[in-house]
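**Student:** For chain A, the structure is supplied; the task is to place chains B and C on it using the hints.
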Amino acid sequence: MTTTTGAEATLPYDEAVAAFDPALGLEVHVELGTATKMFCGCPTEFGAEPNTQVCPVCLGLPGALPVVNETAVESAIRIGLALNCSIAEWCRFARKNYFYPDMPKNFQTSQYDEPIAFDGYLDVQLEDGSTYRVEIERAHMEEDTGKSLHVGGSTGRIHGATHSLVDYNRAGIPLVEIVTRPIVGAGERAPEVARAYVATLRDLLKAMGVSDVKMEQGSMRCDVNLSLAPKGSARLGTRTETKNVNSLRSVERAVRYEVGRHAAVLTGGGSVTQETRHWHEDTGITTSGRLKSDAEDYRYFPEPDLVPVAPSRETVEALRATLPEPPAARRRRLQDAWGYSDLEMRDVLNAGLVELVEETVAAGATPAAARKWWSGEVARRANGEGTDVVTYAQRLGVTPEHVVELERLVDGGRLNDSMARQVWEGVLDGEGGPTQVADARGLELVQDTGALEAAVEKVIAANPDVAEKIRGGKVQAVGALIGQVMKEMRGQADAAAARRLILDRLAPG
Amino acid sequence: MTTDLTRATAAELADLLGAGSVSSREVTRALLDRTAAVDGAVHSYLHVDEAGALAAADAADRARAAGEPLHALAGVPVAVKDVMATRGLPTTCGSRILQGWVPPYDATLVRRLREAHLPLLGKTNMDEFAMGSSTEHSAYGPSRNPWDLERIPGGSGGGSSSAVASFQAPLAIGTDTGGSIRQPAAVTGTVGAKPTYGGVSRYGLVALASSLDQAGPCSRTVLDSALLHEVIGGHDPLDSTSVDAPVPPVVEAARRADVAGLRIGIVRELTGEGFQPGVQARFDEAVQHLVDAGAEVVEVSCPSFTYALAAYYLILPSEASSNLARFDAMRYGLRVTPEGVAAPSAEQVMAATRDAGFGDEVKRRIILGTYALSSGYYDAYYGSAQKVRRLIADDFDRAFEAADVLVSPTAPTTAFRLGDKLEDPMAMYLNDIATIPANLAGIPGLSVPSGLADEDGLPAGFQVLAPAMADDRLYAVGAALEARLTAAWGGPLLDRAPDLSEVTR
Amino acid sequence: MADLTRDDVAHLAGLARIDLSDAELDRMVGELGVILEAVATVQQAPITDVEPMSHPMPIVNVTRPDVVRDCLTPQEALAGAPESEQQRFSVPRILDEE
Numbered sequence: 001m002t003t004t005t006g007a008e009a010t011l012p013y014d015e016a017v018a019a020f021d022p023a024l025g026l027e028v029h030v031e032l033g034t035a036t037k038m039f040c041g042c043p044t045e046f047g048a049e050p051n052t053q054v055c056p057v058c059l060g061l062p063g064a065l066p067v068v069n070e071t072a073v074e075s076a077i078r079i080g081l082a083l084n085c086s087i088a089e090w091c092r093f094a095r096k097n098y099f100y101p102d103m104p105k106n107f108q109t110s111q112y113d114e115p116i117a118f119d120g121y122l123d124v125q126l127e128d129g130s131t132y133r134v135e136i137e138r139a140h141m142e143e144d145t146g147k148s149l150h151v152g153g154s155t156g157r158i159h160g161a162t163h164s165l166v167d168y169n170r171a172g173i174p175l176v177e178i179v180t181r182p183i184v185g186a187g188e189r190a191p192e193v194a195r196a197y198v199a200t201l202r203d204l205l206k207a208m209g210v211s212d213v214k215m216e217q218g219s220m221r222c223d224v225n226l227s228l229a230p231k232g233s234a235r236l237g238t239r240t241e242t243k244n245v246n247s248l249r250s251v252e253r254a255v256r257y258e259v260g261r262h263a264a265v266l267t268g269g270g271s272v273t274q275e276t277r278h279w280h281e282d283t284g285i286t287t288s289g290r291l292k293s294d295a296e297d298y299r300y301f302p303e304p305d306l307v308p309v310a311p312s313r314e315t316v317e318a319l320r321a322t323l324p325e326p327p328a329a330r331r332r333r334l335q336d337a338w339g340y341s342d343l344e345m346r347d348v349l350n351a352g353l354v355e356l357v358e359e360t361v362a363a364g365a366t367p368a369a370a371r372k373w374w375s376g377e378v379a380r381r382a383n384g385e386g387t388d389v390v391t392y393a394q395r396l397g398v399t400p401e402h403v404v405e406l407e408r409l410v411d412g413g414r415l416n417d418s419m420a421r422q423v424w425e426g427v428l429d430g431e432g433g434p435t436q437v438a439d440a441r442g443l444e445l446v447q448d449t450g451a452l453e454a455a456v457e458k459v460i461a462a463n464p465d466v467a468e469k470i471r472g473g474k475v476q477a478v479g480a481l482i483g484q485v486m487k488e489m490r491g492q493a494d495a496a497a498a499r500r501l502i503l504d505r506l507a508p509g
Numbered sequence: 001m002t003t004d005l006t007r008a009t010a011a012e013l014a015d016l017l018g019a020g021s022v023s024s025r026e027v028t029r030a031l032l033d034r035t036a037a038v039d040g041a042v043h044s045y046l047h048v049d050e051a052g053a054l055a056a057a058d059a060a061d062r063a064r065a066a067g068e069p070l071h072a073l074a075g076v077p078v079a080v081k082d083v084m085a086t087r088g089l090p091t092t093c094g095s096r097i098l099q100g101w102v103p104p105y106d107a108t109l110v111r112r113l114r115e116a117h118l119p120l121l122g123k124t125n126m127d128e129f130a131m132g133s134s135t136e137h138s139a140y141g142p143s144r145n146p147w148d149l150e151r152i153p154g155g156s157g158g159g160s161s162s163a164v165a166s167f168q169a170p171l172a173i174g175t176d177t178g179g180s181i182r183q184p185a186a187v188t189g190t191v192g193a194k195p196t197y198g199g200v201s202r203y204g205l206v207a208l209a210s211s212l213d214q215a216g217p218c219s220r221t222v223l224d225s226a227l228l229h230e231v232i233g234g235h236d237p238l239d240s241t242s243v244d245a246p247v248p249p250v251v252e253a254a255r256r257a258d259v260a261g262l263r264i265g266i267v268r269e270l271t272g273e274g275f276q277p278g279v280q281a282r283f284d285e286a287v288q289h290l291v292d293a294g295a296e297v298v299e300v301s302c303p304s305f306t307y308a309l310a311a312y313y314l315i316l317p318s319e320a321s322s323n324l325a326r327f328d329a330m331r332y333g334l335r336v337t338p339e340g341v342a343a344p345s346a347e348q349v350m351a352a353t354r355d356a357g358f359g360d361e362v363k364r365r366i367i368l369g370t371y372a373l374s375s376g377y378y379d380a381y382y383g384s385a386q387k388v389r390r391l392i393a394d395d396f397d398r399a400f401e402a403a404d405v406l407v408s409p410t411a412p413t414t415a416f417r418l419g420d421k422l423e424d425p426m427a428m429y430l431n432d433i434a435t436i437p438a439n440l441a442g443i444p445g446l447s448v449p450s451g452l453a454d455e456d457g458l459p460a461g462f463q464v465l466a467p468a469m470a471d472d473r474l475y476a477v478g479a480a481l482e483a484r485l486t487a488a489w490g491g492p493l494l495d496r497a498p499d500l501s502e503v504t505r
Numbered sequence: 001m002a003d004l005t006r007d008d009v010a011h012l013a014g015l016a017r018i019d020l021s022d023a024e025l026d027r028m029v030g031e032l033g034v035i036l037e038a039v040a041t042v043q044q045a046p047i048t049d050v051e052p053m054s055h056p057m058p059i060v061n062v063t064r065p066d067v068v069r070d071c072l073t074p075q076e077a078l079a080g081a082p083e084s085e086q087q088r089f090s091v092p093r094i095l096d097e098e
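Protein chains in written order, with this note's numbering: chain A, 1 to 509; chain B, 1 to 505; chain C, 1 to 98.
Don't read these hints as lab results, they were simulated from the structure. Bear in mind that the values here come from a model prediction, so they are computed numbers and not experimental data. Even glycine gets a Cβ: it sits at the ideal position worked out from N, Cα and C. Do not rely on the hints blindly, as some may be mistaken.
Once the Cα atoms are required to be at most 25 angstroms apart in a straight line, the calculated DMTMM-like pairs of lysine to aspartate or glutamate come out as [what the hints assert, rightly or not]: (1) A:LYS96 - C:ASP8; (2) A:LYS96 - C:GLU51; (3) B:LYS421 - C:GLU24; (4) A:LYS214 - A:ASP282; (5) A:LYS206 - C:ASP66; (6) A:LYS372 - A:ASP439; (7) A:LYS96 - B:ASP355.
Far from chain B, some chain C residues (derived; all Cβ distances over 10 angstroms) [as the list claims (entries may be wrong)]: (8) ASP26; (9) GLN87; (10) ARG93.
Extracted from the complex, chain A is given alone in its bound form (with noise of 0.2 angstroms):
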């Protein structure tokens, strides 16, 4: 059955990656943190007034030049080591030629056939844990360009506008397109190969510090490139490329629409037009955009103001010793050095609290105090009010420094396990750190052994079967007598001390 969603038919998922195989392709622009421009020596600020950040070379004035910024190159270096790429050993910025007017040269100084990075691959891993190779293309570095205001139209849509108010303080911020090679065989988990592949190279690029990889504010941004072929032909479809899906659930769910629409064209015995889309975040489909027709043509060619790229192969070297381990060889020696089992780790890892485990026992912690003061009650209460542990945590300034002074308290024998509970749920109160709480709530575990001494003979003296069982031999008895000696002390006593005392008492002979 094909229903209509907005203008175009869409055949159901279940019924469209039964009927076809999907091919994705993920072509990612990650705007690079970097203090200046790609070409230019003006800043990168985000959301500074209009027209404040240029200079003559980013607004294309006639006469002026580009000239490479050294830290962008290096981040591209990076970012493509740490994608398993090559990395050019020679290579040449080159111009794309098309007329825009938020494009100030009308041509963009990017990168073709010669880009720094190529033949590289990123592993994701899925939510059952499985593990997806994904096969990287090439990265490239190239320009951003600037930002138009539509104007007389409705709600600052291009469509009806009047005339539009171009602000060029985005031109020529260093971007890195990173390009997958087509992602086949994934079938009904594309979209989530998709996203999966989205999030961790999010999750890269931030450990990595190359940039602030915040997709609402565009400084990451994904076209979607699909094609359905029949199932189990090699033949690839006609594709269609999804601009700006611009969140990490736009693409699954931007994945999810194209692969039904194209289904419903498909079995509708049509044909798929070659395309780019606009995909719109509200209704959550895609409409057409501008047909990618022969007459786009980009005239590519060396950029001639522009000299060579060409790293060394120390400077390469150097670049990959900064880069972070790669996230799989870090799980497993995280892993194999705080001794979790596979299901201790993975419940770590979904929760997000790697990091601040990490924190934790380099704070001071065992791992086992990090993984169980973290992963019990605060995950719970920051599940309640819809965020991760780490926000929570932060929100509430509680910080690994709390657990090991929680630690401490326990093996201080201050605290037993259950006082130390309270203590927590204290100190996410808001009641301050754990000795504060301990103190304002007055929990500590009674040290004076006269006055336990004193517990322990009244209850002998009231239970004298008990102890009578005790004295004979049965000591798993001690257990109701420890029960009755930590009422009488309302709790605050050492349970272990408890019953080494009632042992020394009741001793055989």
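**Tutor:** Okay, now just chains B and C, sitting in the frame of chain A:
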């Protein structure tokens, strides 16, 4: 020593200024007066900055009085081709599309001139975006040759060459993409040098063809060009293609003028057939002068030069089609709204503006370049041209193993009449046959007057080419030749040019 | 070599965003034909296995440190603009191409 300040060379003016005999204001005033008298006829300038020049002259005089360390040329005025961005001064590139544009920044070269206290007299005329060999493609009308006002002063830098030749400026800045400094120098009896590519910053030079463009000095003597070269040359971090090395010792070479033992290579492909007999005769005599001065002559062959013009007229339009895309009516310059279109789109305004704002030659080359780069044709045209470029560079490498410098006539003919070649683009292009190879290879070249052709009594030029970063050799050879020829003529060649003040009266 | 037709020139003029008149198109077809014939001789040069040369000097790896430099003021940036509004460049309506 000349008493007429307008006829003094830059080196002479430098001496007078240094000795305190004249002020920069007096020199500048004299030159501005000369312009007021003759430029109505010559039309060297698109814009004269009288107030700015006098203010800069005063600043130079003050700096000298204050005992600041100054370059020898401090206080010597200079004219600047209108292709260089000048903060606060109109910069049109001879095009209607940039009419009234005032850059908010200075080209590096202009900044260096200002910092060295050379007053900027004004902006000189040129073929639109430096496309042409005659200034007839200027949107603001052609400049004229001081030797014969009915003839072209060369191009694209005919404004600068005619300003220098008509004693409106001792020094001028030119730019040379395929000969636009050297050919105008040749046809006006002046000196012009195209430095090694990357020797002078291109930052602020409105690009015609980025991989070919190079700014350089224009003057009446070899030493003056060397002095100006020294001011504007040297590494610039704002130009990625700038060579990070000291300026070659050009001034020293010009002063020594020593060619003893130097091997002078005559390029077989750049002499003889196609060269006007009078031009060839002066060239042959000039070679003999150099031999008399102790140089050794060898003949070299550069077979790939046969394809140089073709490669040049693919590479240049290709790069130009992209460089000139920015003139789109959105951010600066002309904006033309198409007629009969209600609420035109940005695209329509761009197309209408570019049709109205560009002249025929510019449009022709943009279309040609668009074609050469378009998919399906790239390999056959642009790609092949880039390979020919390599062959030409290889030819030069081999030639420079046999010779220290190469020589040829600068242009095949003397100045032609205005209008003669306007309707025949290919004939116009052939003017650059001898100058283009240097631009393709990035090597330096200089043109120095070789005398007057017998047939028409008009100046001919002698071109010297040297290996990259050996610009000093150009000046050594140029100065040696200049000294001998000036002695043979009994004075500078330009002394024989008509006195324009009479023509214009 | 393929001859350049009037339609070809019109297409190229469209790519180059030049609104050539009919008369200009007619004239340019002829002129470009002559020039193309001349420049096509590059294909006859012995260029097999020759490395293309895009830059005249063999310079590589020219970069600048990632350090902020002075910008233009918005007034300077907009001074040459045919029209401006709200400190932005005002341009005619943009066709939906991207």
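**Student:** Hint check: LYS214 (chain A) vs ASP282 (chain A), CA-CA at most 25 angstroms. Holds or violated?
**Tutor:** holds (19 angstroms)
**Student:** Would the pair LYS421 (chain B) and GLU24 (chain C) pass a check requiring their Cα atoms to be no farther apart than 25 angstroms?
**Tutor:** Distance of about 19 angstroms is within 25 angstroms: holds.
**Student:** Find the nearest Cβ of chain B to the Cβ of GLN87 (chain C) and say whether that gap is larger than 10 angstroms.
**Tutor:** Answer for GLN87 (chain C): holds, closest chain B Cβ roughly 14 angstroms.
**Student:** Given the hint that LYS372 (chain A) pairs with ASP439 (chain A), test it: the Cα-Cα distance must not exceed 25 angstroms.
**Tutor:** holds (23 angstroms)
**Student:** Measure nothing beyond the straight line between the CA atoms of LYS206 (chain A) and ASP66 (chain C); if it is 25 angstroms or shorter, mark the hint as holding.
**Tutor:** holds (19 angstroms)
**Student:** Was ASP26 (chain C) rightly flagged as not at the interface, with every chain B Cβ beyond 10 angstroms?
**Tutor:** holds (13 angstroms)
**Student:** For the pair supplied as a hint, LYS96 (chain A) and ASP355 (chain B), confirm whether the alpha-carbon distance does not exceed 25 angstroms.
**Tutor:** Distance of about 22 angstroms is within 25 angstroms: holds.
**Student:** Given the hinted pair LYS96 (chain A) and ASP8 (chain C), is their Cα-Cα distance within 25 angstroms?
**Tutor:** OK: LYS96 (chain A) and ASP8 (chain C) at ~21 angstroms, within 25 angstroms.
**Student:** Decide if the proposed pair is consistent with the structure: LYS96 (chain A) and GLU51 (chain C), CA atoms, cutoff 25 angstroms inclusive.
**Tutor:** holds (22 angstroms)
**Student:** Run the C-beta distances from ARG93 (chain C) to all of chain B and say if the shortest one exceeds 10 angstroms.
**Tutor:** Label violated. Min Cβ-Cβ 5 angstroms, cutoff 10 angstroms.
Checked against the numbered hints above, the structure breaks only hint 10 and satisfies the rest.
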